[in-house]
Amino acid sequence: MLQKGRQTWFFDPRPTIFATGTVVGRTEGEGPLGADFDFIQKDNHAGKDSFEKAEQAMLEQACSFALTKSGIAPKDIDFFIAGDLLNQITASGYTARNFKAPYLGIFAACATSMEGLALASLLISSGMAKNVLTATSSHNCTAERQFRYPNEYGFQRPPSSQYTASAAGAAVILPQGGPVSIDSATIGKVVDLKNCDPVNMGKAMAPAAADTILTHMQERGVSASDYDLICTGDLGEIGRDIAWDLLSREGFTYDKTRFVDCGMMLYQGNKKVFAGGSGCGCCASVGYGHIYKKIASSELGKVLLVATGALFSPISLQQCESIATIAHAVALERS
Amino acid sequence: MGKKPKVEAWYEPIAKKHDKPRPVLLNCVKAFLAGGALCALMEIIQDLLTKYANMPKTEATSTSLVILIAVTALITGLGYYDVLAQKVGAGLAVPITGFANSVVSATLEHKSEGYVLGSACNSMKLAGAVIVFGTLSAFVVAVIMLILGVF
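Going down the list, the sequences are from chains A and B. Every number in the numbering used here is 755 more than the matching position in the first sequence, counting from 1. Every number in the numbering used here is 20 more than the matching position in the second sequence, counting from 1.
If we strip away everything but chain A, and leave its shape as in the complex, we get (with noise of 0.2 Å):
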């Protein structure tokens, strides 16, 4: 366990990720990626009589896929680290009720899912848990009620905007014995450029991880080669391309179709979707899905990571203040 520079975390011993749980919604279900879910939540109410309890339900669900594989009763969970998109964190403060095991809330956005890895393979490796499981989610319906308007309102979106993706994932981690490794981790610092259009995320997000991703690469001593894919979280169309730019202006040389974005995979070709999806179960699903399986299947061998978020409100942007925005990376390998 070092810490390599001021912002990466290199595990040593390395913890695995033992099993994973994922549920999407039905537009995500029917996407290109749709087979590498556990479950596809076709009603966006998911039987329940609110779209939080839906969203709820849906993270309820990711864990306790993530636990029926790995053999662990909720009970003997060490520690629980979550967190989503609802104001209070409330989807991963109810699920955490079920366990009865530490939590750990955790909130940076739609970076949340990385952050909650991050977490969980630094207790893991530096002894402090003997099992942690992190898990976070989001639903298009409380996101879109929660920062923009009603659901049924005819609000006309522009070309740059994204879509919340209705997902929720969720990951075991133990000290071993799980077929990807976690490597390592680089934390993101708050990025700020006083963007305020929100409405396009996509630019207010890619420096944030263009500064991560090189951050990690000095920090850790590698170089983007190593990696087979470098998947950001959900920085959309626009939002790829800006950082794609703004990583070679600094010398970044990479195959860019091996620059990809898990909110451009989710929806491939979907034009209801905009410049790409967003939201904290965006990264989740498909890092815990797609890319678990690819890298357990040894299609991928080295992959990193980097879920990117926003963190703002409604009220702030209102206030006049910017988009604050920041990436977490995790640096993934078969074991």
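Since the hints were made in silico from the structure, they are not lab data. None of the values given here were measured: they were computed from a predicted structure. Hints are not guaranteed to be accurate.
Between beta-carbon pairs, the in silico distance windows are [as the list claims (entries may be wrong)]:
id	chain 1	residue 1	chain 2	residue 2	range
1	B	Ile-151	A	Lys-1026	32 to 38 Å
2	B	Lys-24	A	Lys-1026	29 to 35 Å
3	A	Ala-828	B	Lys-23	54 to 60 Å
Simulated pairs of lysine-lysine, BS3-like, Cα-Cα distance not exceeding 27 Å [to be verified]:
id	chain 1	residue 1	chain 2	residue 2
4	B	Lys-36	A	Lys-1026
5	A	Lys-949	B	Lys-40
6	A	Lys-808	B	Lys-131
7	A	Lys-1057	A	Lys-824
8	A	Lys-803	B	Lys-131
9	B	Lys-77	A	Lys-803
10	B	Lys-26	A	Lys-1026
11	A	Lys-949	B	Lys-131
12	A	Lys-1011	B	Lys-36
13	B	Lys-131	A	Lys-944
14	A	Lys-824	A	Lys-808
15	B	Lys-36	A	Lys-797
16	A	Lys-949	B	Lys-23
17	A	Lys-1026	B	Lys-107
18	A	Lys-944	A	Lys-1011
19	B	Lys-37	A	Lys-1011
20	B	Lys-107	A	Lys-1027
21	A	Lys-1026	B	Lys-24
22	B	Lys-23	A	Lys-1027
23	A	Lys-944	B	Lys-36
24	B	Lys-145	A	Lys-808
25	A	Lys-949	B	Lys-107
26	B	Lys-26	A	Lys-944
27	B	Lys-23	A	Lys-944
A virtual CB, placed ideally from N, CA and C, is assigned to each residue, including glycine.
Based on the hints, put chain B in the right spot on chain A.
Relative to chain A, chain B alone:
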């Protein structure tokens, strides 16, 4: 409140290269056609009401407005209004249907928090501004008319 900060100067040109701007002209044309069609529809309803229901003109006007509002409420509730509005934008937002949609969508959205503190309290969340400034501007115009009337 304060002043909106400006994006850092070095960053704007890089970001702009990849931006997907709103198709303003196309949006305007679509809004013009849809808004116009909606108004024409209302004229037709109005004419039908005067012709076949023997309504006086003023009554026919308000009745046709009520019909449009009711239809908007229904379409909003069924989940189609936002889909249509995405296509034609201001064409549906500017006519009275936009106002009706803003009230109905907010009311529906907050049903989960109860009828009183949820739906009722939040129903004017979006429409409130229209009412406040509508009333305020009516008052200002009335004062101006009053002063002009003195002379």
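Verification of the hints:
About 36 Å separates the C-beta atoms of Ile-151/B and Lys-1026/A, a value consistent with the hinted range of 32 to 38 Å. The hint said 29 to 35 Å for the Cβ distance between Lys-24/B and Lys-1026/A, and at roughly 30 Å that hint holds. Checking the proposed 54 to 60 Å range against Ala-828/A and Lys-23/B shows it holds: the Cβ atoms sit about 55 Å from each other. Of the pairs offered as hints, the one joining Lys-36/B and Lys-1026/A holds, with about 21 Å between alpha carbons and a cut-off of 27 Å not exceeded.
A C-alpha spacing of about 19 Å is found between Lys-949/A and Lys-40/B, which places the hinted pair at or below 27 Å, so the restraint holds. This hinted pair checks out: Lys-808/A and Lys-131/B have alpha carbons roughly 14 Å apart, not beyond 27 Å. With a C-alpha separation of about 23 Å, the suggested pairing of Lys-1057/A with Lys-824/A holds against the 27 Å cut-off. Proximity of Lys-803/A to Lys-131/B is assessed by CA-CA distance (about 13 Å); at most 27 Å being required, the pair is judged to hold.
Note on Lys-77/B and Lys-803/A: the hinted pairing is violated, with a Cα-Cα distance of about 48 Å set against a maximum of 27 Å. A threshold of 27 Å between alpha carbons decides the hint, and for Lys-26/B with Lys-1026/A the separation of about 30 Å lies outside it, so the pair is violated. Taking the CA atoms of Lys-949/A and Lys-131/B, the gap is about 36 Å. The hint is violated against a cut of 27 Å. Of the supplied pair hints, the one linking Lys-1011/A and Lys-36/B holds, its CA atoms being roughly 20 Å apart against a limit of 27 Å.
Between Lys-131/B and Lys-944/A the CA atoms are separated by roughly 39 Å; this puts the pair beyond 27 Å, and the hint is violated. Between the alpha carbons of Lys-824/A and Lys-808/A the distance comes to roughly 24 Å, so the proposed pair stays at or under 27 Å and holds. Proximity of Lys-36/B to Lys-797/A is assessed by CA-CA distance (about 37 Å); at most 27 Å being required, the pair is judged violated. Between Lys-949/A and Lys-23/B the CA atoms are separated by roughly 12 Å; this keeps the pair inside 27 Å, and the hint holds.
Between Lys-1026/A and Lys-107/B the CA atoms are separated by roughly 13 Å; this keeps the pair inside 27 Å, and the hint holds. Between Lys-944/A and Lys-1011/A, the direct Cα distance comes to roughly 25 Å. Compliance with the 27 Å bound is thereby established for this hinted pair. Of the supplied pair hints, the one linking Lys-37/B and Lys-1011/A holds, its CA atoms being roughly 17 Å apart against a limit of 27 Å. Restraint check for Lys-107/B and Lys-1027/A: satisfied, since their Cα atoms lie roughly 12 Å apart, inside the 27 Å limit.
In summary, the hint linking Lys-1026/A to Lys-24/B is not supported, as the alpha carbons are separated by about 31 Å, beyond the 27 Å threshold. Restraint check for Lys-23/B and Lys-1027/A: the C-alpha separation of about 33 Å exceeds 27 Å, so the hint is violated. Between Lys-944/A and Lys-36/B the CA atoms are separated by roughly 24 Å; this keeps the pair inside 27 Å, and the hint holds. At most 27 Å may separate the alpha-carbon atoms for a hinted pair to count; Lys-145/B and Lys-808/A meet this at roughly 23 Å.
Under the criterion of a C-alpha separation no larger than 27 Å, the hint pairing Lys-949/A with Lys-107/B is inconsistent with the structure, at around 31 Å. Straight-line distance between C-alpha atoms of Lys-26/B and Lys-944/A comes to about 21 Å, which keeps the hinted pair within the 27 Å bound. Our distance criterion of 27 Å between C-alpha atoms is met by Lys-23/B and Lys-944/A, whose separation comes to about 25 Å.
Hints 9, 10, 11, 13, 15, 21, 22, 25 from the list above are not met by this structure, while the remaining hints are.
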